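Based on the hints, put chains B and C in the right spot on chain A.
Chains as they are written, first to last, in the working numbering: chain A, 58 to 415; chain B, 58 to 415; chain C, 58 to 415.
No lab work stands behind these hints, which were simulated from the structure alone.
Every value quoted in this text rests on a predicted model; they were computed, and no experiment measured them.
The reader is advised that the hints may include incorrect statements.
You can't tell identical chains apart in this list, so a pair holds if it fits in one copy or across any two.
[As the list claims (entries may be wrong)] Lysine to any residue pairs mimicking SDA-like chemistry, simulated, CA-CA at most 20 Å apart:
{"#": "1", "residue 1": "K154", "residue 2": "H104"}
{"#": "2", "residue 1": "K360", "residue 2": "A152"}
{"#": "3", "residue 1": "K385", "residue 2": "T339"}
{"#": "4", "residue 1": "K115", "residue 2": "S259"}
The lines below spell out each chain.
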Amino acid sequence: MTASPAQSLAQDIAPAQPSTFPLDQWYVAALAWELTDQPIGRTLLNHSVVLFRTANGKVAALEDRCCHRALPLSNGTLEAGGLRCGYHGLLFDEAGKCVEIPGQDKIPGKAKVAAFHVVEKDQIVWIWFGSPEHPAPLCEPPAYAVHSNGQYLFDGSVYHYDAPYQLIHDNLMDLSHLGYVHLRTIGGNASIHMNARMTVESEGDVVRVVRHMPGSVPPPTYLAAYPFKDTVDRWQEIEFHVSHLRIWTGATDAGTESLDDPARGGFHMRGFHGVTPETETTSHYFWTIATNPQSNHQAIKAKVVEQTVMTFDEDKVVIEAQYKNMCKLGNGPMIDIHVDVGANRARRIIERLRNAGR
Amino acid sequence: MTASPAQSLAQDIAPAQPSTFPLDQWYVAALAWELTDQPIGRTLLNHSVVLFRTANGKVAALEDRCCHRALPLSNGTLEAGGLRCGYHGLLFDEAGKCVEIPGQDKIPGKAKVAAFHVVEKDQIVWIWFGSPEHPAPLCEPPAYAVHSNGQYLFDGSVYHYDAPYQLIHDNLMDLSHLGYVHLRTIGGNASIHMNARMTVESEGDVVRVVRHMPGSVPPPTYLAAYPFKDTVDRWQEIEFHVSHLRIWTGATDAGTESLDDPARGGFHMRGFHGVTPETETTSHYFWTIATNPQSNHQAIKAKVVEQTVMTFDEDKVVIEAQYKNMCKLGNGPMIDIHVDVGANRARRIIERLRNAGR
Amino acid sequence: MTASPAQSLAQDIAPAQPSTFPLDQWYVAALAWELTDQPIGRTLLNHSVVLFRTANGKVAALEDRCCHRALPLSNGTLEAGGLRCGYHGLLFDEAGKCVEIPGQDKIPGKAKVAAFHVVEKDQIVWIWFGSPEHPAPLCEPPAYAVHSNGQYLFDGSVYHYDAPYQLIHDNLMDLSHLGYVHLRTIGGNASIHMNARMTVESEGDVVRVVRHMPGSVPPPTYLAAYPFKDTVDRWQEIEFHVSHLRIWTGATDAGTESLDDPARGGFHMRGFHGVTPETETTSHYFWTIATNPQSNHQAIKAKVVEQTVMTFDEDKVVIEAQYKNMCKLGNGPMIDIHVDVGANRARRIIERLRNAGR
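Just chain A, same shape as in the assembly (with noise of 0.2 Å):
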């Protein structure tokens, strides 16, 4: 088979560049409720993906790309058969198949896509693409209970990054951040932050952090959620994995329980950050928030998530601010301070694995 006359154009375009990425890793695809009635295209991690759940309800990803003029396939509609591009009808199966070319009988074998591994769970789309030795995972996605047990009220949403993802898991991983950035929800006093007992662990490429602030004056979002006495003693859990976060954050009333007890009760913030890079520079930030409403429950899940939208719209434009800034003013040094123990634990791992795919 000869090349077709249309790729003549081809040879005026760049390469596309090698990724950098960790590669074995199951990285965040879309939010479950996303996937609809209509095909995504989004690009992850370089490739250019569509995402589209199939006539029976299956979650599927397919390069997003017809074989035959390059048109997205996410420009193409859905039917019972498949995902059918809308330049000249080509209809492709979830395994990336050609199953119908319009007024055409033989099929020609070469005309496929590349499908890409992607699993649902826990209302998180997944998916695989892996290193050039591992293209099938090597374990099962992620599981987080938390969208599925039903002891909470949770709703989430998609950001797209004009920065690297490293620079999302290191406001993720600094909470001491909330006092100057975040005073309109969940900040509360600055030097209490600053001053939270704090203790860091890893184990893999696991970093846990974990913050204790007794005694604390609550902020906006936790007076709103929950009918706190007076101060409280609040918590903040930070689990980093390479492709995503758990955070759990809340307070008790002052004094009546054991932050280490992780029965306590009180006000409960549970995050999910899935943090996947789309390109070396730009990131996919898809977050959740889950809280446990003591009364009033819709009204006080939508308040918490609407604040929440607030704060994470705060975090975006600090750290597009700190990105372009090193756009432009290059390669300086960076002093290290007493918060930075756990992100920096977080940046090892992120380079051991990048370098490790090179």
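Using the frame of chain A, we list chains B and C on its own:
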């Protein structure tokens, strides 16, 4: 004459790249009615051109850069004596000669800008850049009687494309996409389009595709413009020339006339499509649509033009998405299908002529 | 001290380019009234600078990058003790020293950012970057008595230009363009401008252009601001300095006074024009216009400022179009005409100083 100190900035500016277009061709520079009392600046085949109509109505085309301080002459104003620069008032005639420098008696011989060969014919303004071997036109510009013989009402417009001209050729050479892209207007049944009887012929640098679709359901535009009784016999005749295409489509009541008879009646749409590269990666698309209303002439013409605008807007979305995807995904293989025969022949002609110019 | 893992991203970011500006100069960084209760981030000669006013009213200029995680300090807030970063709360004094790290007792010696020499004088904030040989100022910043001596009412603003500073110099050094670009305001008869009596003198790095236009028809701005009887004798005195220009224009009733007498009466417009490179290809243009109303002082001043805004908006359109064209068309020849003498001298000064710094 020494270089002006004003040129000192130029050392910081990258030199322009050489072009790789088919060069010994007449290209469309404008639709005649675009040129009124204002100059128009337009990049054509990487040449920066200012187009204007002189006081006696003749079209002219000059390099769009004042020889004094490089302001685009298209920022200037038209006067009886020519085109006056909007910065310091130098006046240029249609041959590019500076004929006045305000406040200065002597006009240096170097005070001039390049002039291009330009001809207005059948409501189209054609321009010849030529190869280094053929700076002067090798032939007359093409005729287009549809604009002049009084048999049709027509109108048209200019679109800018963020895509190379070859992708517009592909789109126009293969009208099988009508059933997927243009259902709102000229589409109709996808299967009938895909199974049309098609012949492809070429002679020299012209490719001719003829498609017959007897027994079709008339699409919305056809029904809006002509009192068809029931199903129709549709034809599509596409004639590719290196710089433009002529597409004659239409339909008669099914079974009433021969689709091979050029004098057939029924509903006619005659499209002129000037596809002029702006740069290697962007294009101008000059189009007109002519039709033969049987009654309510102006209203039906307006309707056909309105539906054509909708149709070409749909094409623009597809083609720009296609090119963006090609740029993002780089040089991947493309499989050919049955409807690509005509487009592929056109591509080979373009590639041969591009390579001839290197 | 080892490098922070947070710097690992930097290896992906291109290093900043060396600058080629005339360096041993005081440049305008701000107009005094811009600095109130918020820090201002501004790139000046490729330096990213945060400008602010301390609690005691003094102006200060620091590197606009926190030494911790590179957030622009201009995203921070002003406090009695200095400028506090908006991410983790590090506090910097006007010398760039970090004087507080929240939650940490010891402040490392490396916790500091660069400070720049900055002086407020006659309502202008001047900054000195200097060459490697002269990091400290070699002289006092320029005086501008017009802003301080009480003889004039004035106002001004800052424009951002997508064009190099040299093109703004050209524009200001050659006011013959008034008759083509500024007919709505300060233009008047093009031919009189082009035939003005012009003298050009230079001394060191200063160029002085004087243009006299006796018997001119007063242009709209002049008529709006002063009760001229009939025709006027106009003058334009332009003084070029490497980092700024002073332009004194005006008119008296024709035949009533000597244009060579600095104490002449009539209508005066005194323009200050700080032209500070942002980068090699973009500029800040700080301007003020001062005038001497004979009555209705505030209303006439406001009118003159309003018309000046219109005038400078027109210049911006021309200059940005000119530069865009230069970039598009590359290194083409430029012919000089009679009015270019002053601008060309200024260009030669800039080129000499630019080359001195390489």
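Next on the checklist: Which constraints among the numbered hints does this structure fail? Numbers only, ascending.
Outcome noted: Numbers 2 and 4, in rising order.
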